[in-house]
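Asker: The task is simple: from the sequences and hints, build the whole structure.
Sequential numbering from 5 applies to the sequence shown in the working numbering.
To be clear, the hints were calculated from the coordinates, so they are not data collected in a lab.
Hints should not be assumed to be uniformly reliable.
Derived pair list, reagent style EDC-like, types lysine to aspartate or glutamate, alpha-carbon separation capped at 16 Å [unchecked claim]:
| # | residue 1 | residue 2 |
| --- | --- | --- |
| 1 | K243 | E202 |
| 2 | K370 | E327 |
| 3 | K140 | E489 |
| 4 | K129 | D95 |
Remember, it's a predicted structure, so these values are computed and weren't measured experimentally.
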Amino acid sequence: MSEKHEDHGSSQPDMTSKTSASTLPLPEKPSAVYTRSKVVAAFWAVILFLGFPIWWKTTSIYRAELPIQDMLDWAGGKSCRPVFPLEIRFDTPSLPDTEAQQLLRVTQHTLDDLNEFSAHHLRLKLAEEAQHVTEKADTALTVRLQAQDDLSSPRSELQADTTTLDVFYAPSQLPPPSSSNSPLSSFIAGELQRLFAEEKATIAHVLSNNAVGSSANTPASPNSQAQQISPQLAESITKRLRRSMKYAETYHLAFSLFTPGSAPSSWDIEAAVQEYISPLVQALSPISNFTVDTQVQLYATFSPTAPAPEHDEAQAVWTLNEENLSAFVNAAEWPLSPSIGSGPTINFILYVPAPSQSPLVVKESKATSWIIPQWGGVFILNPPLPTTTDFPSNLPHLAREALRPAFLTFSHQLLSLLGTPSTPTSLPFRLQTLIRIRAATLLLSASSTMGSLARLTESLPSIPIPATVASSVTTTLSHLSSACENLRNGRFQSALASARVAETEAERSFFEKSMVGQMYFPDEHRVAVYLPLLGPIGVPLILGLLKEVKRVVAGWKARRAQGVASS
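Answerer: Structure below.
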């Protein structure tokens with residue numbers, strides 16, 4: 005028994021070694037190792053020499069070259085200093101040339117002494133001299149001198165339908181040849197300062213509230229000018245700018261007739277627009293384009309949440325509280341489109357109340373019209389009283405004469421919503437002022453947009469810049485230079501035309517669709533997209549490459565060890 009036990013114990017190591025030897029993998033043939041190396045190398049060759057170039061080409065971002073420094077210079081006010089030299093022509097048919105020249109020099113000297121805002125100044129020229137200039141500047145005003153013997157002091161009269169100021173004077177009030185001042189020159193200078201006071205204050209306000217304008221001018225100049233104007237004028241300018249519409253190349257005018265009943269159901273809108281609105285739109289054509297739409301809405305009731313009109317028995321009228329005027333328009337049920345096409349809509353509502361709630365007025369001011377800032381205007385057309393025999397109280401149709409008060413009010417509201425100055429009384433004069441103000445605001449706005457675009461492209465290196473953006477930027481800078489040059493030379497209509505193109509191109513380049521989309525697609529999102537694709541493919545490739553590298557290194561070390569042993 006003991007011998008058998010010893011024999012059994014002695015055979016145990018032999019069986020273990022046989023089992024271990026049977027579980028070891030067979031050594032790879034050199035041909036198999038070579039094939040595997042070729043497969044791994046082929047995969048990596050396809051990735052490096054075909055896949056990676058294709059990926060790089062298809063995912064690379066095209067960035068057109070932009071004149072970044074020029075764009076920043078425009079935004080910083082280094083490329084242009086907005087100035088407004090207004091040409092005032094002196095029409096002196098009854099004066100000799102020497103006296104006319106003396107009066108012009110003395111008046112110009114007085115004007116220069118009164119002006120404290122260098123960006124806006126008046127340049128006086130005789131009408132005969134201005135006709136011989138090759139590139140004429142726009143005439144801001146014509147001063148027509150007319151002598152009258154019975155005047156004790158000069159007086160002036162601004163024509164309502166032209167930009168002509170008639171100045172009546174006595175011949176004795178002309179300055180003598182050796183004088184540096186005279187009552188007539190002081191009077192003319194004071195009248196010119198008064199006529200252009202609101203325009204000068206508005207331009208000073210625009211420049212002082214814009215980084216481009218404030219840096220382009222002396223910092224103290226706009227502010228000092230703003231301090232010289234009266235508080236009432238400053239408040240009026242601020243109120244006018246706040247309620248005016250933002251500039252647009254095209255405005256859509258929507259005239260709507262609303263009534264709570266079944267009448268009136270029609271109106272002579274075409275004749276009213278042709279007589280009262282079309283001439284104004286034609287005069288405003290250098291500034292913007294306009295389209296006109298009309299509609300009639302019957303059974304247009306007030307909003308249920310709006311306070312109902314109250315009856316004032318003492319004055320026999322129905323009243324609306326001024327604080328509730330913002331809820332007058334029933335935006336939920338009245339078909340008022342906020343925008344038509346690409347431009348903003350200016351709404352004008354003609355509301356004809358029911359005879360049972362007529363006349364309807366604003367309680368505090370007894371007014372029948374008001375402006376909704378940056379939206380439009382409302383006019384309440386109260387139907388005639390029932391006692392009037394010529395006109396029934398429930399008119400089925402509104403004739404052109406019945407629409408006259410409403411459309412005259414709409415024309416004034418349109419001017420206010422476009423930012424037209426309230427003074428002086430001459431409409432052509434105010435429209436010329438509006439052209440200069442719009443030219444300044446568009447120049448500053450386009451310059452600011454160029455700076456914003458330059459900073460955006462520098463802060464986001466991964467954002468694409470299409471060739472169309474580069475073309476728009478080039479067009480913008482070219483028209484900005486043209487606008488600035490025309491301003492400097494007093495050609496304000498040409499300056500406005502160039503500034504309009506610059507503003508349009510600047511907005512188009514800044515809001516390019518491909519750029520806007522990439523602004524909200526950061527690099528983290530790209531990594532999240534690629535990881536699910538590269539993970540399953542990359543892990544086997546990398547592990548296979550590491551295994552081959554380890555095999556090559558192990559073989560190299562083995563050959564090196566054999567070489568050392570043999571030596």
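Asker: All hints are to be evaluated individually against the structure, with a verdict given for each.
Answerer: Now the hints, each set against the structure:
1. Straight-line distance between C-alpha atoms of K243 and E202 comes to about 13 Å, which keeps the hinted pair within the 16 Å bound.
2. A threshold of 16 Å between alpha carbons decides the hint, and for K370 with E327 the separation of about 14 Å falls inside it, so the pair holds.
3. Our distance criterion of 16 Å between C-alpha atoms is met by K140 and E489, whose separation comes to about 14 Å.
4. Proximity of K129 to D95 is assessed by CA-CA distance (about 9 Å); at most 16 Å being required, the pair is judged to hold.
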